[in-house]
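**Student:** Now for the letters of each chain:
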Amino acid sequence: MSAAPDTSDRKFKQVGSRPIRHDGLDKVTGRARFGADFTLPGTLQGVFVRSPHAHAKILGIDTSKAEKVPGVKAVITAADFPELPMHWITQGPAGVDAGANQRVILAREKVLYHGHAFAAVAAATREIAIEAGKLIEVEWEVLQPVLSIDQALADGAPILHEGQATEGMGPPVEGDTNITNQIVFEGGDLEAGWAEADVVVEGVFETPMVHQGYIEPHACLVNAREDGTSEIWCATQGPFGVKNETATLTGSDPASVKVTPSEIGGGFGGKIPVYLEPAALLLSRKAGRPVKMTMTREEVFRGTGPTSGSKTHIKIGAKSDGTLVAAECQLDFEAGCFRGSPVGAACMTTLSPYVIPNFRVLGRDIVLNKPRVAAYRAPGAPVGAFAAESLLDELARKLGRDPIEFRLQNAVEEGDRASYGPKFGPIGFKETLEAAKAHPQYKAELGEHQGRGVAAGFWFNAGMQSSATVSVNSDGSAVVRTGNPDIGGSRASMALMCAEELGIDVTRVRPMVGDTDSVGYCDATGGSRVTYATGMAVIDATRQVIDHLRARAATMLDVELDSIEWQDGNAVAVNGSADKGSLSLEEIAKKMGATGGPVVASASVSPPAAGPGFGVHVCDLEVDPETGVTRVLRYLVVQDAGKAIHPTYVEGQFQGGAAQGIGWALNEEYIWDADGKVENAGFLDYRVPVASDLPMIDTVIVEVPNPLHPYGVRGVGETPIVPPLGAVANAMRDATGVRFHSLPMSPPRVLEALEEAD
Amino acid sequence: MAKIRVETTINGEETEFLCNGQESLLEVLRDGIGMTGTKEGCTTGDCGACSVVVDGRLVPSCLVLAAEAQGRNVETIEGVADGQKLTPIQQQFLEHGALQCGICTPGFIVAAEKLLEKNPDPTEAEARYFLAGNLCRCTGYDKIIKAVLDAAAVMREERA
Ligand code: FES
Ligand code: FES
Chain A
1 MSAAPDTSDR
11 KFKQVGSRPI
21 RHDGLDKVTG
31 RARFGADFTL
41 PGTLQGVFVR
51 SPHAHAKILG
61 IDTSKAEKVP
71 GVKAVITAAD
81 FPELPMHWIT
91 QGPAGVDAGA
101 NQRVILAREK
111 VLYHGHAFAA
121 VAAATREIAI
131 EAGKLIEVEW
141 EVLQPVLSID
151 QALADGAPIL
161 HEGQATEGMG
171 PPVEGDTNIT
181 NQIVFEGGDL
191 EAGWAEADVV
201 VEGVFETPMV
211 HQGYIEPHAC
221 LVNAREDGTS
231 EIWCATQGPF
241 GVKNETATLT
251 GSDPASVKVT
261 PSEIGGGFGG
271 KIPVYLEPAA
281 LLLSRKAGRP
291 VKMTMTREEV
301 FRGTGPTSGS
311 KTHIKIGAKS
321 DGTLVAAECQ
331 LDFEAGCFRG
341 SPVGAACMTT
351 LSPYVIPNFR
361 VLGRDIVLNK
371 PRVAAYRAPG
381 APVGAFAAES
391 LLDELARKLG
401 RDPIEFRLQN
411 AVEEGDRASY
421 GPKFGPIGFK
431 ETLEAAKAHP
441 QYKAELGEHQ
451 GRGVAAGFWF
461 NAGMQSSATV
471 SVNSDGSAVV
481 RTGNPDIGGS
491 RASMALMCAE
501 ELGIDVTRVR
511 PMVGDTDSVG
521 YCDATGGSRV
531 TYATGMAVID
541 ATRQVIDHLR
551 ARAATMLDVE
561 LDSIEWQDGN
571 AVAVNGSADK
581 GSLSLEEIAK
591 KMGATGGPVV
601 ASASVSPPAA
611 GPGFGVHVCD
621 LEVDPETGVT
631 RVLRYLVVQD
641 AGKAIHPTYV
651 EGQFQGGAAQ
661 GIGWALNEEY
671 IWDADGKVEN
681 AGFLDYRVPV
691 ASDLPMIDTV
701 IVEVPNPLHP
711 YGVRGVGETP
721 IVPPLGAVAN
731 AMRDATGVRF
741 HSLPMSPPRV
751 LEALEEAD
Chain B
1001 MAKIRVETTI
1011 NGEETEFLCN
1021 GQESLLEVLR
1031 DGIGMTGTKE
1041 GCTTGDCGAC
1051 SVVVDGRLVP
1061 SCLVLAAEAQ
1071 GRNVETIEGV
1081 ADGQKLTPIQ
1091 QQFLEHGALQ
1101 CGICTPGFIV
1111 AAEKLLEKNP
1121 DPTEAEARYF
1131 LAGNLCRCTG
1141 YDKIIKAVLD
1151 AAAVMREERA
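Protein chains in written order, with the working numbering: chain A, 1 to 758; chain B, 1001 to 1160.
Bear in mind the hints are in silico, worked out from the structure with no lab data behind them.
Here a beta-carbon is modelled for each residue, glycine too, at the ideal position from N, C-alpha and C.
It is possible that some hints are incorrect.
[Said to hold, decoys possible] Using C-beta positions, here's what the derived DEER-type ranges look like:
(1) A:547 / B:1157: 46 to 54 Å
(2) B:1057 / A:606: 53 to 61 Å
(3) A:600 / B:1132: 47 to 55 Å
(4) A:203 / B:1073: 53 to 61 Å
(5) B:1154 / A:203: 48 to 56 Å
(6) A:547 / B:1073: 54 to 62 Å
Bound-form chain A, shown alone:
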């Protein structure tokens, strides 16, 4: 389809309104069915058996005692999977390794973190399965765990994967290593840049491993059928990913696997990887019965992918007039036990919001004995932004500049080259900075022990593959079908775009999320791509439907097709045929049977790019010097949405991302004991923000249309978690005079820092 926007001054009738979401009723009455809400007659309960060691070789596994327990129907280990070798395939800034994915589900040669699953049991009840699991005997060779970046890089460090060489660019690394990959971006002349700088600031910033913290634990129901086909019901961001991954890892034909996505109780990237389904499929095959697997909260913390802990060395220089001239940073990211941290994206995003002519960025992906990381909302970007935005705050202070003015002076705009290569198209960074500056919060008075912090950030947003089908009912209403699980109101957005094109009210459009047999391929709900890319497929399919409707109207009115225009839900005869009048969508739909049959159209898209979204956050907080407790007083999110399809859910993304970022800044972290066991694997101790921790979160939606989308849409889901770490840290600096270099800024650490500063 043509990608050019219709015009930014298009007057929208449906888009931009705030209808009640179509799935809302089921969600406020408890009827909506999530991952754990499915069952079949004869369903068995499957559980994983998990490692008591963070690093150990598996010399042998004996499952015979477990298999004899009454009620146990199947036991599997890695030996039940066809062996896939470990082999990394790079895809853009990320990549895949099917062998590693298989070993995350069930360890093969080694367990690589505490809680790493090495067997699974299916039994009549969960209790029986758990008890039987305890009878599985393993001969371990316990190895020393590697638990920090410094330990992983130390001379003589235990090596997680023998024979591992460092790939990529950057300084050469000799011999076996825990550095799997290095990435370098550079431009200009760094030496000359430093020579030009009047002020230089630098620091080392650290962030801990944190979890996405979705409230719904992973869950699935799998039925392996007698004919070799299988059905899967599960909570996932990507049903086609589950289909393909389950087939690949179990050696099945993808055509034999059908996945029906349930409602999904949060994901934030953490429900893109597949943990349960391949194991459940093997158990179901072995037992000849359906198998349900649900994780406990503790398993979610111990055994699913959090995001990387990190250590960033960064240095930035500016001229006395505030112009940035040079920057250098090294980002070290914990990948967990297999390659694949988001350090590449961190390298691409850290310096890119600003014009810095001379720079060098080095990123290193480092394996250690922790769970393999998964995507978490703008993966990598918040960590880089924490370091860069903290130093920009220091520079603004040193130069005596207002932090927003200082950023405006250096902000990228259309035509500027991003540090990772391409030139930015139309972007709304300066507009968001201006809107933040103009907001009343920016002028609100601050009292004693209070401070204000500003930070900015962006995310590329993804395009990727999507498809959609639109059909017209005989009453003139429509159905729009896609394959993207609705994680935050996307059904409403799809319906709004379809209704906008058709010229009917959004309540006349029913949106639905189909299973993998009933819709065309869609990449995962992730990358802030659904409203953008799947939305494009919906608009394209709807336009094809309109072409069909015009043709039917032309027949009915007996005029040339060219003489029919679609206007506000009506086929109108024009160009000298105006006397033939018009037909409404209802009138055409009623006659579909006689004019050619039902009207249905499908479309698919694969946009290579998406148009980045920039955001600026302002945090006002107060620190209690007696207790070290921080209260966020006011919080503002300003972000460029391109065009907000359903503004309520755009605001919701802004607010939710900010809340997660505030939690990351102030409280959240994985705490490890010396043996590599997570000490706080529950919501009580891994404390995500609760309602009483937060104020209302104010939002401003900026709309600088994205020329890649017919309505100007930009993805909005991920950018909101990029600025908060820096915004909170900068507010903390303002309130206390202390610059925090590591997160979280929890009460004991704040207290300690305040005492040191005295």
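Given chain A, work out where chain B with the ligands should sit, using these hints.
**Tutor:** Showing chain B with the ligands alone in chain A's frame:
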């Protein structure tokens, strides 16, 4: 293992079920009776997704033994609406878009109904503290709190 027979009232209907001694009310509601509107987020009393009301008290059903329901009155999300009529809280959740993924929504609604029954005119802070036992990871709570405060206003008007 001998099962325990429990006679209880769920959403006004007399109900009987069998359970074992360790089973939680949450497990029986979801797996035994098939009322999956009550959600599980943790089973340790920390997330509020499983909130129900037992004899007028708001409790996490994951921490209540199913056998304890004997002779009591249990109210779940499925019983919140009055037949086909949503409560003002349910309605305001829809109008404010106070849910994104919706997994926390049943727990929040059950808890908020209790809040407004006890305190028909809560301040924002009172609402935030009362609902601090219900986790939401998607919304940042902003729209949830606004929905609850607006529902309180609607209910006060209805009574006036
Ligand atoms: S499941 Fe009961 S409080 Fe979380
Ligand atoms: S809406 Fe997802 S957890 Fe609350």
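**Student:** Which numbered hints does this structure break?
**Tutor:** Those not satisfied: there are none.
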